[in-house]
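The listed protein sequences correspond, in order, to chains A and B. The first sequence maps to residues 1 to 506 in UniProt numbering. The second sequence maps to residues 1 to 506 in UniProt numbering.
One should not assume that every hint holds.
Below are the DSBU-like pairs computed for lysine-lysine, each with C-alpha atoms no more than 35 Å apart in a straight line [to be verified]: (1) B/Lys37 with A/Lys254; (2) B/Lys493 with B/Lys460; (3) B/Lys227 with B/Lys112; (4) A/Lys37 with B/Lys487; (5) B/Lys398 with A/Lys398.
Negatives, chain B to chain A, calculated, CB over 12 Å [as the list claims (entries may be wrong)]: (6) Gly30; (7) Leu51; (8) Thr117; (9) His313.
To be clear, the hints were calculated from the coordinates, so they are not data collected in a lab. Here a beta-carbon is modelled for each residue, glycine too, at the ideal position from N, C-alpha and C.
There are 2 protein chains.
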Amino acid sequence: PLCLCWALGPAAATNILLLLMDDMGWGDLGAFGEPSKETPNLDQMAAEGMLFLDFYTANPLCSPSRAALLTGRLPVRNGFYTTNGHARNAYTPQDVVGGIPDSELLLPELLKKAGYTNKIIGKWHLGHQPQFHPLRHGFDEWFGSPNCHFGPYDNRERPNIPVYRDWEMVGRYYEDFKIDLKTGEANLTQLYLQEALDFISKQQASQQPFFLYWAIDATHAPVYASKQFLGTSQRGLYGDAVREIDDSVGKILKHLQQLGISEDTFVFFTSDNGAALISAPRQGGSNGPFLCGKQTTFEGGMREPAIAWWPGHIPAGGVSHQLGSVMDLFSTSLSLAGLQPPSDRQIDGIDLLPAILQGQLIDRPIFYYRGNELMAVRAGLYKAHYWTWSNSWEEHSKGIDFCPGQSVAGVTTHTQEEHTYLPLLFHLGRDPGEKYPLSFASEEYQQAVEHISGLVQQHKATLVPGQPQLNVCDQAVMNWSPPGCEKLGKCLKAPESDPQKCSWPH
Amino acid sequence: PLCLCWALGPAAATNILLLLMDDMGWGDLGAFGEPSKETPNLDQMAAEGMLFLDFYTANPLCSPSRAALLTGRLPVRNGFYTTNGHARNAYTPQDVVGGIPDSELLLPELLKKAGYTNKIIGKWHLGHQPQFHPLRHGFDEWFGSPNCHFGPYDNRERPNIPVYRDWEMVGRYYEDFKIDLKTGEANLTQLYLQEALDFISKQQASQQPFFLYWAIDATHAPVYASKQFLGTSQRGLYGDAVREIDDSVGKILKHLQQLGISEDTFVFFTSDNGAALISAPRQGGSNGPFLCGKQTTFEGGMREPAIAWWPGHIPAGGVSHQLGSVMDLFSTSLSLAGLQPPSDRQIDGIDLLPAILQGQLIDRPIFYYRGNELMAVRAGLYKAHYWTWSNSWEEHSKGIDFCPGQSVAGVTTHTQEEHTYLPLLFHLGRDPGEKYPLSFASEEYQQAVEHISGLVQQHKATLVPGQPQLNVCDQAVMNWSPPGCEKLGKCLKAPESDPQKCSWPH
Chain A
1 PLCLCWALGP
11 AAATNILLLL
21 MDDMGWGDLG
31 AFGEPSKETP
41 NLDQMAAEGM
51 LFLDFYTANP
61 LCSPSRAALL
71 TGRLPVRNGF
81 YTTNGHARNA
91 YTPQDVVGGI
101 PDSELLLPEL
111 LKKAGYTNKI
121 IGKWHLGHQP
131 QFHPLRHGFD
141 EWFGSPNCHF
151 GPYDNRERPN
161 IPVYRDWEMV
171 GRYYEDFKID
181 LKTGEANLTQ
191 LYLQEALDFI
201 SKQQASQQPF
211 FLYWAIDATH
221 APVYASKQFL
231 GTSQRGLYGD
241 AVREIDDSVG
251 KILKHLQQLG
261 ISEDTFVFFT
271 SDNGAALISA
281 PRQGGSNGPF
291 LCGKQTTFEG
301 GMREPAIAWW
311 PGHIPAGGVS
321 HQLGSVMDLF
331 STSLSLAGLQ
341 PPSDRQIDGI
351 DLLPAILQGQ
361 LIDRPIFYYR
371 GNELMAVRAG
381 LYKAHYWTWS
391 NSWEEHSKGI
401 DFCPGQSVAG
411 VTTHTQEEHT
421 YLPLLFHLGR
431 DPGEKYPLSF
441 ASEEYQQAVE
451 HISGLVQQHK
461 ATLVPGQPQL
471 NVCDQAVMNW
481 SPPGCEKLGK
491 CLKAPESDPQ
501 KCSWPH
Chain B
1 PLCLCWALGP
11 AAATNILLLL
21 MDDMGWGDLG
31 AFGEPSKETP
41 NLDQMAAEGM
51 LFLDFYTANP
61 LCSPSRAALL
71 TGRLPVRNGF
81 YTTNGHARNA
91 YTPQDVVGGI
101 PDSELLLPEL
111 LKKAGYTNKI
121 IGKWHLGHQP
131 QFHPLRHGFD
141 EWFGSPNCHF
151 GPYDNRERPN
161 IPVYRDWEMV
171 GRYYEDFKID
181 LKTGEANLTQ
191 LYLQEALDFI
201 SKQQASQQPF
211 FLYWAIDATH
221 APVYASKQFL
231 GTSQRGLYGD
241 AVREIDDSVG
251 KILKHLQQLG
261 ISEDTFVFFT
271 SDNGAALISA
281 PRQGGSNGPF
291 LCGKQTTFEG
301 GMREPAIAWW
311 PGHIPAGGVS
321 HQLGSVMDLF
331 STSLSLAGLQ
341 PPSDRQIDGI
351 DLLPAILQGQ
361 LIDRPIFYYR
371 GNELMAVRAG
381 LYKAHYWTWS
391 NSWEEHSKGI
401 DFCPGQSVAG
411 VTTHTQEEHT
421 YLPLLFHLGR
431 DPGEKYPLSF
441 ASEEYQQAVE
451 HISGLVQQHK
461 ATLVPGQPQL
471 NVCDQAVMNW
481 SPPGCEKLGK
491 CLKAPESDPQ
501 KCSWPH
């Protein structure tokens with residue numbers, strides 16, 4: 001006789017797949033109103049899953065956003081900020097000395113305890129010195145880079161950025177991993193896609209739960225796409241990159257379905273910060289109806305596209321107005337793995353599963369930081385700005401503009417404006433674009449600000465800032481001789497150490 | 001035996017239902033990226049039908065837009081413009097003398113020949129003097145008003161606007177049809193909904209094909225909603241109005257389904273012009289990622305939300321990039337009725353059925369007019385501006401702003417700027433927000449402008465402007481004593497005739 005047998009063991013731990021985009025904006029997906037509507041796979045993902053319309057990053061810049069995601073903590077706590085100036089954004093270029101402190105507990109470190117195999121594909125951005133290597137912070141595998149894919153460099157003043165496989169470099173951008181700045185051609189997204197498919201297959205075969213952090217960067221300037229996607233978008237090169245990502249996400253989800261593990265895999269799609277309007281339209285995306293972009297604490301800088309997908313668990317076609325944060329991905333992932341968050345430190349992320357699975361709305365504020373300055377706070381539909389700053393006049397006069405074509409009197413400011421005594425208040429339901437501050441004299445203003453002020457007091461009273469990691473830069477720490485360089489003949493000579501205060505103009 | 005019998009006569013003519021919104025913007029629907037996503041019925045309509053992302057009005061103001069829709073012709077041809085000043089927007093306030101000329105052939109007049117019963121519910125706006133009455137221009141039934149629901153007036157300087165049922169008035173706004181300007185409460189959308197449901201039921205029972213033009217105005221300032229919708233939206237009063245409309249559209253579509261005629265009824269949803277940003281956020285909507293709003297020839301003024309729905313004919317979930325126009329609703333409706341458009345005059349609308357049913361992309365330009373001045377032209381993804389004007393400095397200094405919070409150097413201009421020799425050129429795929437004009441020196445610019453210039457020449461060479469209808473205003477023609485006023489005791493005494501040039505400040 002024909003016999004079909006199933007082994008009915010304990011329920012497998014849920015796989016976790018985080019699809020983190022780089023500089024992709026809220027307005028870049030068809031499901032979020034992008035007028036070219038060129039993201040059929042992501043739109044389908046949203047139709048089968050849940051759309052989060054009020055999801056935020058923890059900082060409008062890449063490194064601190066990623067540090068927050070992986071630690072569940074605000075950058076001001078985990079050290080991913082600078083005190084070199086007031087309210088300055090900082091990240092990890094290759095001359096930065098700091099990185100993720102050993103004292104921080106990263107999501108993959110914790111997931112290990114539940115038997116997860118953890119892989120990062122793409123951009124790490126939490127420090128490139130040996131002590132900051134992702135495999136020293138909980139990841140088991142890595143294919144990608146420690147820094148942005150800027151370049152090409154001359155390997156004398158500045159080395160090209162290395163690409164790692166696990167512990168060792170396997171080449172450098174612009175040398176072994178080509179990016180054609182003229183045409184925008186690079187096949188990196190295809191490499192990252194294949195890495196993801198292979199890892200998922202391997203994990204499915206071994207029946208081990210996995211955490212895959214797919215942190216790709218095709219939408220970060222210099223924007224790139226593979227040859228078969230170049231010229232396929234109405235939106236130009238940036239749209240080509242989005243189309244390739246959309247296609248890749250479709251293939252990953254289909255792969256999960258074909259392997260029969262889509263119901264065992266929680267997938268979350270989001271971005272590290274708002275679209276870089278300064279690079280638009282060729283090298284930057286769209287923040288839809290929101291004000292300004294990357295680098296700012298306006299909605300355009302911090303509100304992110306976000307989709308949760310988990311067939312059989314998340315009701316199809318859901319829409320959530322839960323205020324969410326990349327830091328929640330830390331707590332939610334722990335919850336999926338059956339783990340408790342660390343109790344010895346403040347965790348800012350919350351477990352979103354009640355919002356995702358039961359449609360609950362959890363009351364919590366969103367804090368908008370630049371450096372260690374609390375710029376703004378959202379509670380419910382109200383957002384209070386305590387400081388405003390778009391970018392400096394000096395930079396603005398050079399054509400650097402984080403709010404191109406947008407100018408709201410008294411709101412988009414080119415000096416750092418303090419409003420701590422009378423915060424600027426917006427109602428983000430009536431005014432998602434932050435164009436109409438409420439009157440200071442209105443009762444609505446007074447009630448909302450009183451409520452938010454209470455939240456701020458509470459927040460500040462318990463805040464213990466971490467040691468700032470992004471203050472010191474040194475040419476000597478750049479990627480001259482990453483591990484593995486000998487085998488490739490790609491070791492370069494480092495200059496003398498000469499630590500300096502990092503310059504953070506934004 | 002049980003016998004089921006069907007009479008198999010000739011196929012019934014397709015009913016036509018146009019849902020025309022007032023001042024609703026491209027960005028006001030969830031399906032178009034509105035962040036509160038409060039339009040589940042319209043989003044469902046889009047999911048079951050086809051979304052048009054590149055659909056335009058013929059003029060960024062109400063009366064000319066509606067005249068264009070019903071005649072299939074640009075306002076410059078059908079007379080719905082003014083020559084009192086250069087490139088001025090004009091409409092039909094109650095002191096305007098003009099209206100739709102008898103020489104124009106309106107859609108309902110033509111549909112009559114195919115046996116249609118035609119009803120207009122809501123705002124007519126093609127002139128309120130007796131010769132312009134909708135029942136003199138092809139409609140069989142009317143419930144609604146000839147003008148905007150502005151007011152309340154004192155009935156001495158200016159009469160309140162009448163509400164008509166068919167030939168006669170049945171009351172006036174603020175008197176018999178209440179609008180509470182303080183709370184925003186008015187039950188008009190419910191009246192318009194019930195009218196639509198009743199008309200549809202009646203037509204279904206009589207087995208006569210119908211054309212229903214549902215031209216409601218809850219989203220036009222003063223914005224209103226019924227009591228049960230007040231306070232239900234994240235977006236404030238404007239959102240309450242949208243929610244009530246969304247609910248009503250859902251009920252209308254469900255009614256068609258319950259009557260079993262949804263497959264025999266072509267439904268199209270769109271708006272007359274972009275959101276009135278000057279009235280936002282309490283009294284105005286959103287144009288999503290687009291520049292400026294109502295009154296302007298930027299995308300925010302003229303690109304409209306648009307959904308086609310016809311179960312069993314239009315494939316569900318379709319997305320079209322066909323450049324469409326409200327004038328196409330004229331030609332498409334004729335096609336649905338098996339009629340040919342008039343051959344004795346220039347028709348600007350095209351039959352969209354090949355785009356809707358077969359997914360064809362028909363190559364055609366979009367002309368953006370203010371008055372009789374061709375301000376801009378779109379061909380493919382390129383848009384050339386020959387004239388720019390947001391609004392005058394004089395008005396701007398009084399706080400009248402059609403582009404609040406938006407300011408694009410050299411583009412949003414407060415004087416009328418001529419660019420006819422070197423048009424400002426945008427690529428609307430890469431730059432839907434019209435923020436980055438292409439360089440005059442680029443090859444891309446030269447090729448695109450050459451192409452568009454050819455279209456402009458062709459257009460202008462054959463253009464025969466109609467007699468301008470919106471030049472003369474006269475207090476004596478206001479709604480003092482509309483037909484039926486005697487029965488109601490609502491006749492008012494008109495002042496002496498004193499014709500003046502109408503003042504068109506915008």
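Are the Cα atoms of B/Lys227 and B/Lys112 separated by 35 Å or less? Given that 35 Å is the threshold and the Cα spacing comes to 38 Å, the pair is violated.
For the pair supplied as a hint, A/Lys37 and B/Lys487, confirm whether the alpha-carbon distance does not exceed 35 Å. Not satisfied, since the Cα-Cα distance of roughly 55 Å exceeds 35 Å.
Least C-beta distance from B/Gly30 to chain A larger than 12 Å: Per Cβ check, B/Gly30 is inside 12 Å of chain A; nearest 8 Å; violated.
Hey, is B/Leu51 genuinely clear of chain A, shortest beta carbon separation above 12 Å? 7 Å, violated
Below or equal to 35 Å on CA atoms is what counts here, so check B/Lys37 against A/Lys254. At roughly 28 Å apart (the allowed maximum being 35 Å), A/Lys254 and B/Lys37 satisfy the hint.
Does B/Thr117 sit more than 12 Å from chain A, CB to CB? Non-interface label on B/Thr117 holds, nearest chain A Cβ at 37 Å vs cutoff 12 Å.
Are the Cα positions of B/Lys493 and B/Lys460 separated by 35 Å at most? 45 Å, violated
Quickly compare the C-alpha distance for B/Lys398 and A/Lys398 to 35 Å and report which way the hint goes. 32 Å, holds
Confirm or reject the statement that B/His313 sits farther than 12 Å, beta carbon to beta carbon, from all of chain A. 22 Å, holds
Hints 2, 3, 4, 6 and 7, counting from the list given before, are not met by this structure.
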